[in-house]
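**Q** For reference, the chains in residue letters:
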Amino acid sequence: MLHTYFLKRLRQYTLLLMIPILILLAGILILYPSSVIRSIRQESADSMIRIEESVDTIISDTVYQHDLMTNNPQLALSLRKLLGTEETDYNYYVLTNSITGLIRSVTNAHPYIMSTYLQLDGYGRFFSSRDGVSNIETYYDRSWLDDAKESDLEKLIGRRRMIAEYSYASPVEVLSIYQRMTTLKGTIVVNLYYKNFLDKLSALRSQDEEEFFVFDTRGELLIAAPEEPGRSCENPRFLEELSGAVTGNAGPLSASFLKLDGRYYWVSSLPDKTSDFIYASVLPGSLLLQEMRSTLLVFALLTLLSFAVVYTIARKVTKDSFDHIEQVISLFSDAEKGIYPKDEPRQASDEYDLILMNVIRMFLRTSFLDQQLELHKYQQEAAELQALQLQISPHFTSNTLQTLDFEVRRQLGKPTIINRIIKDLSDILRYSLGSPREMVMLEDEINTLKKYIEIQKVRFGDRITFYLEIDDDVLSTPVPRLILQPLIENSIAHGVSQMQAGGFIKIRVFRRGDVLRFSVTDNGVGIEPEKLRELKENLSAPSGRHVGLANVNRRLVLTYGDSAALKIMSKQGWGCAIVFRIPAGSR
Amino acid sequence: MSDYYKIIIADDEPRIREGLINLFPWSSLGFEIAADFSNGQEVLNYLKDHDDVDVILTDIQMPVMDGIGLSARLMEHHTKVICFSSFQNFDYAQSAIRNHVYDYLIKPIKYEDLVSCFERLKKDLDAERGNSGAPSLSSVSAPDSVIPAVVSYIESNYQDCTLEEAASMVFLTPSYLSSLFHKKQGITFSDYLQQVRMARACELLRDPEIRQYQIAALVGYDNPKNFTRAFKAYYQMTPQAYRQQMTGGKESEK
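For the record, the sequence lines run as chains A and B. No gaps in the numbering here: position 220 of the first sequence is 220 in the numbering used here, and each next residue is one more. No gaps in the numbering here: position 176 of the second sequence is 176 in the numbering used here, and each next residue is one more.
One chain only, chain A, in its complex shape (with noise of 0.2 Å):
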């Protein structure tokens, strides 16, 4: 009972507790990725931005210097002068130190330039910056050579290549880069190195878990940064789908998530508006995900939590209540048993509580006043019949006996039944007069019925057969004095003493269970159903008539509550039953 009112309780507060925490999920749920797609696509977005400016930073600080430098007519000429004349001469001399001069003064001012190459078409030479003029078919780095011929002028181009300056030293990786010259037919070609311009771009990632990539419109990878073991750039599926996606952009910025080599990524693009650059930024999906874990852990110890507080409360105010109900209940049985707290019961905990106390104490009240109403009236009649008894006293009476006791022996010489008549009636005299609130044992009753059986017996002889069925058990179980007696004589005044031979009265106490059955059965003339319900309400609201009855029945109420009273059961010509229980062994 406790556990289904308990697991009901449960069920309603976790639903009003989860309500509120399901709506909040379901918010986060839809709002937050949306939040941090768009913080995703910001940062992506910043970085495209970062990368753009900071590459045309690097291109046009060392291509549009050199552009400017061959736009000037004069060293165009001087340039095409030098390239073209084998003479070595003073004004050569001054040529050459001037224009490579230039050339450094540029190339020095940045630490991730390696090299700028001056080339006109048709020349046999061409001007490194490392090496002065130099002659192409001899020079150790020719594989910009074909590069340069595709470079036109709307448009730098990049390529990945490697220079070995010495056949023995290990070559170095460099970007270069591409332009026609505007007012010369040649190319300017600056040679980057390619470590130092992959670490500034790894520098400008926003996280660590974002991924730069430089392509060219023709699809071929330029730079992935960063350059390190376990990257997206080791895996070539991933770059294959990757470049075939962003070189399609032929657009400004675009974002979007992808799926590449089964796996999903935030993936930002940009073509570059000088170069044939296109730039990538990659992030994985899975982060997406990490930044929401967090949040949904924090949520899911909340609901747990939440669960647990539910829990403890449900169980509480479960057990609480039925502690309430146990209370309320023992209460009204109490009432019934005649037991009312003395003290004020406990302060109301809510308004229901406080209805249900105020019932609780006008039934208390209503009841208690009944009981001490029925008590008064019941010790008022108790006065009275006590005033009657006084009225002839004690010591008159047992002289009396005394001295026909004795007188009846001297006459007649010895005992005869008289004395025995004497002896019985003495006997029950002295028992009634015993205090009538006081218990005595079963075991007395019965003795001193048995006495008023025998004197019965010498009245109606063998008219009248008694027999008494008493468990043996049952005889020390105190009861409240002279119920029995009433009923036999009930039973020989209604039934049996109209009968000529042949009446019987069975007398029966007998335990079942907890509780102890008394009845007292005739085979009389029985009651007439008149004059039956005449003394069932005869019971509860004595009258003059039958009093012994309702005396009878009254203190047993009184004693154990209603569930002792009298029941009589009668049938014209069968006979007549009057049975009752009390609890067996209280009070």
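It is worth saying that the hints were derived from the structure and are not from the lab. Watch out, some of these pointers could steer you wrong.
To be verified - Restricting the straight-line Cα-Cα distance to at most 25 Å, the calculated cross-link-like pairs of lysine to any residue (SDA-like) are:
no., chain 1, residue 1, chain 2, residue 2
1, A, 506, B, 218
2, A, 536, A, 581
3, B, 110, B, 45
4, A, 457, B, 229
5, B, 225, A, 239
6, B, 225, A, 581
7, A, 450, B, 223
8, A, 414, B, 232
9, B, 232, A, 473
10, A, 414, B, 223
11, A, 414, B, 119
12, B, 110, A, 410
Please build the complex by placing chain B on the supplied structure of chain A, with the hints as guidance.
**A** Same frame as chain A, now just chain B:
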């Protein structure tokens, strides 16, 4: 007659005094009545001149000086005091106990109560005075008519007779009657009573018209179960079985 302990009786009602003196087997108990008075003061006056009184049996409610007043004055005296009064009166009983009375009897005095009280007193006095033996049993011889009278009493009152009643009838103490009966009849009083009852029960069982519970009541059992138990213990068969055997199996009951 110095063998007997001396009793003084005090009660303001002459009839009761007379009954007490005449209706109890004083000599068989080992006592004799020395005097009787109607109030406590007279008893005290008598005691001034007589030092040989052993017991005072006194009513409580008496004029001039009541039993409580008397017992209060005799607290230091060697005489034992036994009080009797009407029904229970706790105050009287309490005062009596404070005054060290020997016993407290309730009026109307029952034969067996008084007899057992004096039997006990006799023993105590014997022990106190160093008297050995019980003179009463050997010195008092009951008349020969006692036992036949008791037997006929049992046979006609088997339904509700008691040893005490029989003893009071023949004016002897119950214990004395009991041993006398055993000596003369070779069977105890209660065994003989049981024998009479069972024989009567058998007779009644042979009449199929009488129901068993009626038989139980007729031979002195108010609980038929107790009768069945007693019958079986006596004859090793139940009353039903006996009846069937006697009526040839033609059980008419129920």
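**Q** All the hints need checking, so say for each whether the structure fits it.
**A** Evaluated hints:
Between residue 506/A and residue 218/B, the direct Cα distance comes to roughly 15 Å. Compliance with the 25 Å bound is thereby established for this hinted pair. A C-alpha spacing of about 17 Å is found between residue 536/A and residue 581/A, which places the hinted pair at or below 25 Å, so the restraint holds. Of the supplied pair hints, the one linking residue 110/B and residue 45/B is violated, its CA atoms being roughly 30 Å apart against a limit of 25 Å. Between residue 457/A and residue 229/B, the direct Cα distance comes to roughly 24 Å. Compliance with the 25 Å bound is thereby established for this hinted pair.
As the CA atoms of residue 225/B and residue 239/A are separated by approximately 110 Å, the hinted pair breaks the 25 Å bound. The hinted pair formed by residue 225/B and residue 581/A meets the criterion: a straight-line CA distance of about 23 Å does not exceed 25 Å. Using a Cα cut-off of 25 Å, the hinted pair residue 450/A and residue 223/B holds, with the two alpha carbons roughly 11 Å apart. For a cut-off of 25 Å, the pair hint linking residue 414/A to residue 232/B is broken: about 35 Å separates their Cα positions.
For a cut-off of 25 Å, the pair hint linking residue 232/B to residue 473/A stands: about 22 Å separates their Cα positions. The straight-line distance between the Cα atoms of residue 414/A and residue 223/B is roughly 30 Å, outside the 25 Å bound, and the hint therefore fails. Taking the CA atoms of residue 414/A and residue 119/B, the gap is near 21 Å; set against the 25 Å cutoff, the hint holds. For a cut-off of 25 Å, the pair hint linking residue 110/B to residue 410/A stands: about 15 Å separates their Cα positions.
In terms of the numbered hints stated before, the structure departs from hints 3, 5, 8 and 10, listed from lowest to highest.
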